[in-house]
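Asks: Going down the list, the protein sequences come from chains A and B. Here numbering that gives the first Met the number 0 is used: the first residue of the first sequence is 0, the next is one more, and so on. Here numbering that gives the first Met the number 0 is used: the first residue of the second sequence is 0, the next is one more, and so on.
Please keep in mind that the hints were generated in silico from the structure rather than gathered at the bench. Please note that a few of the clues may not be correct.
To be verified - Result set (DSS-like, lysine-lysine): computed pairs, CA atoms no more than 27 Å apart in a straight line:
#1 A:Lys-363 - B:Lys-242
#2 A:Lys-90 - A:Lys-119
#3 B:Lys-90 - B:Lys-119
#4 B:Lys-93 - B:Lys-119
#5 B:Lys-93 - B:Lys-414
#6 A:Lys-242 - B:Lys-363
Computed from a prediction, not measured in an experiment: that's the story for all the values here.
Listed below, chain by chain, are the residues.
Number of protein chains: 2
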Amino acid sequence: MDDRGARRPDAGMTQPATLAPVLSGLRVLEIGHFVAAPFCTRLLADLGADVVKIEPRGGDPVRQWGEMIDGRSLWWSMHGRNKRSVTVDLKSDKGRALILRLVAECDVVVENFRPGQLRKMGLGSEVLRGVRPDLIVAHVSGYGQDGPGANRAAFGVIGEAIGGLRYLTNQAPGTADLPPVRVGVSIGDSIAGLYAAFGVMAALWQRDRAGGDGRARTIDVALTESVLSMMEGMLPEYGALGKIKQPAGGGIATAAPTNAYPTADGQWVLIAANSEPLFAKLMTLVGHGELIGAPGYASNPERVANVDTLDQLIGAWTRTLSAGELVARLDASDIPNSKAYTAADCAADPQYRARGMVREVPDKHFGTVLQAGMVPHVPESPGTVRWAGPDLGEHTDEVLGELLGLAPAEIDALKQEGVL
Amino acid sequence: MDDRGARRPDAGMTQPATLAPVLSGLRVLEIGHFVAAPFCTRLLADLGADVVKIEPRGGDPVRQWGEMIDGRSLWWSMHGRNKRSVTVDLKSDKGRALILRLVAECDVVVENFRPGQLRKMGLGSEVLRGVRPDLIVAHVSGYGQDGPGANRAAFGVIGEAIGGLRYLTNQAPGTADLPPVRVGVSIGDSIAGLYAAFGVMAALWQRDRAGGDGRARTIDVALTESVLSMMEGMLPEYGALGKIKQPAGGGIATAAPTNAYPTADGQWVLIAANSEPLFAKLMTLVGHGELIGAPGYASNPERVANVDTLDQLIGAWTRTLSAGELVARLDASDIPNSKAYTAADCAADPQYRARGMVREVPDKHFGTVLQAGMVPHVPESPGTVRWAGPDLGEHTDEVLGELLGLAPAEIDALKQEGVL
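Sequences are here, hints too, so could you generate the full structure?
Replies: Below, the structure written as structure tokens:
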């Protein structure tokens, strides 16, 4: 299904795509729901891991999230891709017994229940490692597995706020009475899922490498901590100087001019022209060459001090042009710029298309679905979309037969009992 | 320096911290600068890898970024931690020869020059693999290593815009004439660096595991693609329905009420109360119990349709209370909430402190520096801060002696020549 290798004659890479998928040979059990844990396992599955997703008979609620067609979520087609869906009732003794038999066949378990929940269900790490002593267990939670606040209810937007991200995603103090803005997606959940994928592979490497220790490890990822880890100098600067980092709206507190500017056709175009040569080029375009090297504008610190004036004057010019015309003029002057891409812009971008980062994926319900490709790209063995998000329990018979040797009659009986 | 193990009697983890660091035995050469590649290697170093950072004699410019004391960046204390700094002039033949000798001793090279730049310098992957055939090479770039747009200048804010993040980080259309907001940090660079760390560990696992293929792989991470990969249902929904996902300001387009609300003391508090029981609790607190189950408010879809009215009415109440009083009342009613944490709030948070996610780190120049801890947390072998960001070239003699067996006299001669 993946034709990137063929599509990339200009790759200039060191090898053609000839190796096995990066994570072939790895088997992961997901007992997750919503965004964080399933995003982690999507990344592992995209690179070739066999991910078995355990779902209750009602299914992961994310199957109903976002825009739907005939009750099927379009997002699920991408979020659930490359995974095998198996329904198991975790509340039944027979269900838990099946989980333990599956765990014995897996390298990793990824889960995102509230801390302690799996243990309450009789599936704590010590129980899981009773059947698989070197099991890597990844927990993704709002605040971590321990500590005084571990059991607070986890909501993505609240985790992002506690991580320090929300306060900084706002207009500069005094600019507007509007609330700080949420990034349009659950970015904290996805970053936590990515950290979990990193931690899982790190633990597997130490466990499995020649000279490694063969030991089980626990990957404890908190949404709040995942966000806080990306806050750059915020903590060091506060600790040493008592300085509380402040939001800067569309700009950057330490560089000018760089912002998103409005166009005649109601779009936004990013312009980054805070170096001396770029500032000179931009002022020439804008028709204010007199500011080049002028007092108050001769250096980045001076321009930062006058950033509001500068942004108004640049904005007055950009408002006279359509986004297309503005981008064309900026490109002609080699000034770094870009429209603030919408879904339509991303879908049409030739660079994304050339690299297979935007691709049509066959889906048995939707025909094809437009999806994002795999990150990272591994040219010697690119990730592939082997199948789109599966139906609930689509692989129950296949997985229980293949991994546990259950006969169709046994599986049917378990379904009758409501265990599957 | 890491005292988490001791500080976590309530850990409830399956093992005490007794194992070797997760990435002990791994050696990484960083030929990077600014944010993305150095963030990738920070994550690897935090988990115990030996990261050798190659810097020009002028040093990585990031050493001068952000707030400084005596010309030293506070952020660098965290960004550079746990790495060994070695100065090498890549433009000199002797410098390149030293790099190749170092590469022969490393498992991984992480770089973030413009695509093709290293090859131009005579350090392309094929050359590096001439001395280390199974070398994992991670490239972090703005748009990827190939494709028609690979060589555009990479700026973080522009990469985030092309990834679709900036358009969605804004007030709802028609709300305000203000530009879409930049997340207060270079989030795209950090996400790309995290993807690179994940990819590196995935490639190392397949190379080094029993039954693995022992093969070199390339990890090609683009900032734009890293951001786009987190856009959830944006592409599938656009492709199938032509629907262009729109920003929703502080709220969520599909849930209400959930937003950041203003307080009497000029702060913002997140409240997430879009389920029926939470909505009822909140309306009781706000003093509008009549809306519970009332037409227009009886279900989440109805509330979404009336979200502006609802947010105004909630905001009118929150404005009468200080953030502390508001949070206390919401907590008393078990309504999920949080202040939009500032640097000061993050620094003081007891959960972060209990988990060592906010910690004082010894720094020879600053005394101690407040830093974020390690993500992920691995209780059996927690990451540690072995040392804060090193001085430029602090480990040149040590590394060239230890890894290449150079004698002090040889090293001094190379310094005289300006190679080091």
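Asks: List, from low to high, the hint numbers that the structure doesn't satisfy.
Replies: Checked against the structure, no hint fails, so every one of them is satisfied.
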